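Guided by the hints, dock chain R onto chain U, whose structure is given.
Chains U and R are the protein sequences, given in the same order. FYI, my numbering numbers position 363 of the first sequence as 393, with every residue one higher than the one before it. FYI, my numbering numbers position 45 of the second sequence as 32, with every residue one higher than the one before it.
It is worth saying that the hints were derived from the structure and are not from the lab. Be aware that a few hints might be false.
Okay, derived cross-link-like pairs now, EDC-like style, lysine to aspartate or glutamate, Cα gap no bigger than 20 Å in a straight line [as the list claims (entries may be wrong)]: (1) K317/U <-> D330/U; (2) K161/U <-> E47/R; (3) K258/U <-> E405/U; (4) K39/R <-> E147/U; (5) K286/U <-> E74/U; (6) K97/U <-> D26/R; (7) K72/R <-> D(-9)/R; (8) K161/U <-> E36/R; (9) K39/R <-> E149/U; (10) K72/R <-> E(-5)/R; (11) K39/R <-> D159/U; (12) K39/R <-> D69/R; (13) K97/U <-> D8/R; (14) K97/U <-> D3/R; (15) K251/U <-> D401/U.
Quick look at which bits of chain U chain R covers, simulated, 3 or more residues with Cβ under 8 Å [as the list claims (entries may be wrong)]: (16) 155 to 168; (17) 285 to 291.
Quick list of the computed label-pair ranges, beta carbon to beta carbon [what the hints assert, rightly or not]: (18) R20/R <-> E74/U: 50 to 60 Å; (19) F303/U <-> R40/R: 37 to 47 Å; (20) T11/R <-> N148/U: 28 to 38 Å; (21) I160/U <-> S27/R: 16 to 26 Å; (22) L51/R <-> N168/U: 21 to 31 Å; (23) R38/R <-> A235/U: 25 to 35 Å; (24) D7/R <-> H167/U: 21 to 31 Å.
Quick caveat: nothing in here was measured; it's all calculated off a predicted structure. We put the beta carbon where it would ideally sit given N, CA and C, even for glycine.
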Amino acid sequence: MVSGSPDQQRIVITGIGLTSPLGNTLADLRAGLLAGRSGVEPYEIRYVGKTLAGVCRFEETRFQSRKDVRRGTRAGCIAVYCSNDAILDAGLPWSDLDKSRVGVYIGLTEHGNVETENEVYELSQYDHDIKFWSHHHNPRTVANNPAGEVTINLGITGPHYTIGAACAAGNAGLIQGAQMLRLGEVDYALAGGVSESIRTFGIFASFKSQGALASHEDPTKASRPFDKARNGIVVAEGGCMYLLERYSDARARGAKIYGELVGYAMNSDATDFVLPNPERQAECMEKAIRTAGLTPDQIDIVSTHATGTSGGDVQEAQALRRVFRENERTLYNNSKSFFGHAMGAAGALELAGNLPSFADGACHATLNLTDPEPECDLPRMVRDTPREGVRVDTILNNSFGMLGINSSVVIKRV
Amino acid sequence: MTKDDIRETIIDILSDIAPDDDLTQLRDDVAFREQLQLDSMDFLDIVMELRKRYRVQIPEEEYLHLRSMSSTVEYLEPRMRDLQKV
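Isolated chain U, as found in the complex (with noise of 0.2 Å):
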């Protein structure tokens, strides 16, 4: 159990920076889901040819210089572009900081396949002549890379490295630095995940392969979750980055604080690697809540995962119920029915949406849920247009991946 633990074992969050296909700041992102705006579009990728995807566009030399965003990667870039906002977003006194006492974990999805793809097809014009091979590749490909190219923007000299948890790792990413601030190995991280993957063919085409890829005549109709028309997922760029620091510390700075880790979990499905387990699933929630000393029937809304796939989002839908039952105030949304699925970032993007709801009291729905596919009804899950007037005590945010890589965090108001 945390709740209740000392303050300095107490981790909150301060500071929140984020690109989505909604916006790239965190009131246009609340702004986009409570108004019900989708953020799917067509798009275009060599062999792939149409399809649909949530495209991030921010400005990319806002914190960096035109060379170094040449120099990094896509995933870099936005990493760069979200940790520099949460620092700002915290109010830190950044120049007079111990930056050996700061650490950067970023959740990725996978990380190498855009350059790599990109390389490939650059040499196949060469006569696949590997003089033609850029000395950039293991840089830009290493699986640190986004975190690493954080701390040379931002002079980082503590720990940076990514965690490679599929889908879940947005929340992998923020409860490692949870972890690591509560072991005392730093006094600030920067948390969170990142994702370029819309800068891959082959994650669309797998997808494809799959019988997994959105498709919708209407851009904006096709990320469905839960939905009997549901086809598949629309993939998403995006990147959300947090500073977490101790509530002791938060407090004494008199920090604006949006929200505590009080609890979470990851496990292991153990089953598959790519159909979920409702079971492990369940148990990933179920011992979120109780490590945050809490009870299922205390959660005001639960951030589904659910990614609009076939057998995917039932499976959710049964953990759901298993662990929530029919309790009268647990209240369902889910953040790519908007935007699509942003992988790496999926997790902290989708939490950062649902954080306001503690300020604001509101829940945002679920769009194109029009139909509901029977296994996946539930009853209180939010359609169409935002839950109004709640009072949101807790969030629970889940973010599953392939290999069943299950992943919950539960955030409570302070």
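Relative to the frame of chain U, chain R by itself:
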């Protein structure tokens, strides 16, 4: 290609590699590193771009000729004089 063509090509390559630098002020007899934000990876970019655009091969032991614009043009002229500017 004339020496001017080669210089123009190098400027074009540098404008990609060092997009934040003002190349109009470049002094040809002064080392690139003394006036531009270039590191070893950037010099490899110059080598790679020449290879890609003109199939010019520069052996590693001859990289030192790429010190300044003047030395680069002098070094490349005999290797590129029979090529057409692209």
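Hint-by-hint comparison with the structure:
About 17 Å separates the Cα atoms of K317/U and D330/U, which keeps this hinted pair within 20 Å; it holds. A hinted pair counts as satisfied when its Cα atoms are at most 20 Å apart, and K161/U with E47/R qualifies at roughly 13 Å. For the proposed pair K258/U and E405/U, the alpha carbon gap of about 9 Å is at most 20 Å, so the pair holds. With a C-alpha separation of about 18 Å, the suggested pairing of K39/R with E147/U holds against the 20 Å cut-off.
For the proposed pair K286/U and E74/U, the alpha carbon gap of about 41 Å is over 20 Å, so the pair is violated. The straight-line distance between the Cα atoms of K97/U and D26/R is roughly 12 Å, inside the 20 Å bound, and the hint therefore holds. With a C-alpha separation of about 11 Å, the suggested pair K72/R and D(-9)/R falls inside the 20 Å cut-off, and the hint holds. For the hint linking K161/U to E36/R, the alpha-carbon distance of about 11 Å falls within 20 Å, and the restraint holds.
The hinted pair formed by K39/R and E149/U meets the criterion: a straight-line CA distance of about 13 Å does not exceed 20 Å. Taking the CA atoms of K72/R and E(-5)/R, the gap is about 10 Å. The hint holds against a cut of 20 Å. As the CA atoms of K39/R and D159/U are separated by approximately 11 Å, the hinted pair is consistent with the 20 Å bound. For the hint pairing K39/R with D69/R, the CA-to-CA distance comes to about 17 Å; that is within 20 Å, so the pair holds.
Taking the CA atoms of K97/U and D8/R, the gap is near 9 Å; set against the 20 Å cutoff, the hint holds. For the hint linking K97/U to D3/R, the alpha-carbon distance of about 8 Å falls within 20 Å, and the restraint holds. At most 20 Å may separate the alpha-carbon atoms for a hinted pair to count; K251/U and D401/U meet this at roughly 13 Å. Interface restraint, the stretch 155 to 168 of chain U with chain R: holds (6 residues with C-beta to C-beta distance below 8 Å; minimum three).
Counting residues of the stretch 285 to 291 of chain U whose beta carbon lies closer than 8 Å to any beta carbon of chain R gives 0, which falls short of the minimum of three for the stated coverage. In this structure the supplied range 50 to 60 Å is violated for R20/R paired with E74/U, their Cβ-Cβ distance being about 41 Å. The supplied range of 37 to 47 Å is met by F303/U and R40/R, whose beta-carbon atoms lie about 44 Å from each other. Restraint check, T11/R to N148/U: a C-beta distance of roughly 31 Å satisfies the suggested window 28 to 38 Å.
Between I160/U and S27/R the CB atoms are about 20 Å apart, so this pair conforms to the stated range of 16 to 26 Å. Our hint of 21 to 31 Å for L51/R and N168/U holds, since their Cβ atoms are close to 24 Å apart. At roughly 31 Å, the beta carbons of R38/R and A235/U sit within the given window of 25 to 35 Å. At roughly 23 Å, the beta carbons of D7/R and H167/U sit within the given window of 21 to 31 Å.
Violated hints for the displayed structure, listed by number in ascending order: 5, 17 and 18.
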